[in-house]
Amino acid sequence: MSGRSYTLVTSAFSHNQLWHFGMNMFALGSFGPLVLNVMSEPEFVAFYLSAASIASLTSHLATALIRSRLALPSLGASGAIYAVLVATACYYPETNVSLMFIPIAINIQHAVAGILGFDALMALINKPIFDHYAHLGGAAAGYLYVYYGHLYIWNNIVNFFINL
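Under numbering that gives the first Met the number 0, the sequence shown has 41 at position 42, and the numbering climbs by one with no breaks.
Rather than coming from a laboratory, the hints here were simulated on the basis of the structure.
Because the structure is a prediction, the values reported are computed rather than measured.
Where hints are given, some of them may not hold.
To be verified - FRET-style restraints, in silico, Cβ to Cβ:
| # | residue 1 | residue 2 | range |
| --- | --- | --- | --- |
| 1 | I65 | F25 | 24 to 32 angstroms |
| 2 | I65 | V157 | 32 to 40 angstroms |
| 3 | L98 | L120 | 28 to 36 angstroms |
| 4 | F117 | L143 | 16 to 24 angstroms |
| 5 | G116 | F159 | 37 to 45 angstroms |
| 6 | I152 | F25 | 27 to 35 angstroms |
| 7 | F117 | S29 | 13 to 21 angstroms |
| 8 | V157 | F20 | 27 to 35 angstroms |
| 9 | H149 | E93 | 15 to 23 angstroms |
| 10 | N155 | I105 | 31 to 39 angstroms |
| 11 | H149 | L60 | 22 to 30 angstroms |
| 12 | G21 | A119 | 36 to 44 angstroms |
| 13 | L163 | E93 | 35 to 43 angstroms |
| 14 | L123 | N154 | 16 to 24 angstroms |
We put the beta carbon where it would ideally sit given N, CA and C, even for glycine.
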């Protein structure tokens, strides 16, 4: 590590292209409100920032472990967006989604499985198109938070501060 651990969070607020920022914010605007129906605003902010950090850390560690010269810089909100997308799929498994340019609706869980399968394949064959490790780390963070984080982490933190 470079001693600049704060970049695990700040990299999620940096984008190298306007379209990159736009796509991430479109996804956040599409799926974030659904997750906000289940979480409070403070919990969502904590969830989002934690997922961004976990996604960045996953990318950093995976890149260091495989020592890939092909690795792309970890930049953007995509890891945190994947966490929000996976949380949406967990909370609303019957939801149908479609891509902007393809007007065919499919079940969100099938869509998530497809994009995660693509990221896993690209990571496995070491053909980076995006930061696949950040995507997978963010998705894992989203899944784990839905099934364990709210109950075992968020509620305990809230209760701790209430009982001070």
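Hints and how they fare:
A hinted range of 24 to 32 angstroms holds for the C-beta pair I65 and F25, which are about 31 angstroms apart. For the hinted restraint 32 to 40 angstroms between I65 and V157, the CB-CB distance of approximately 39 angstroms keeps it satisfied. Take L98 and L120: their Cβ atoms lie about 19 angstroms apart, and the range 28 to 36 angstroms is violated. A hinted range of 16 to 24 angstroms for the beta carbons of F117 and L143 is consistent with their spacing of about 21 angstroms.
Taking the beta carbon of each, G116 and F159 are about 39 angstroms apart, inside 37 to 45 angstroms as hinted. At roughly 29 angstroms, the beta carbons of I152 and F25 sit within the given window of 27 to 35 angstroms. In this structure the supplied range 13 to 21 angstroms holds for F117 paired with S29, their Cβ-Cβ distance being about 19 angstroms. Separation of V157 from F20 is about 32 angstroms and conforms to the stated range, judged on CB atoms against 27 to 35 angstroms.
Separated by about 20 angstroms at the C-beta atoms, H149 and E93 satisfy the suggested range of 15 to 23 angstroms. At about 37 angstroms, the CB distance of N155 to I105 agrees with the hint of 31 to 39 angstroms. Between H149 and L60 the beta carbons are some 25 angstroms apart, a value that agrees with the proposed interval 22 to 30 angstroms. For the hinted restraint 36 to 44 angstroms between G21 and A119, the CB-CB distance of approximately 26 angstroms leaves it violated.
Range check, L163 to E93: Cβ separation about 41 angstroms, and the 35 to 43 angstroms hint holds. As the Cβ distance of L123 to N154 is approximately 36 angstroms, the hint placing it in 16 to 24 angstroms is violated.
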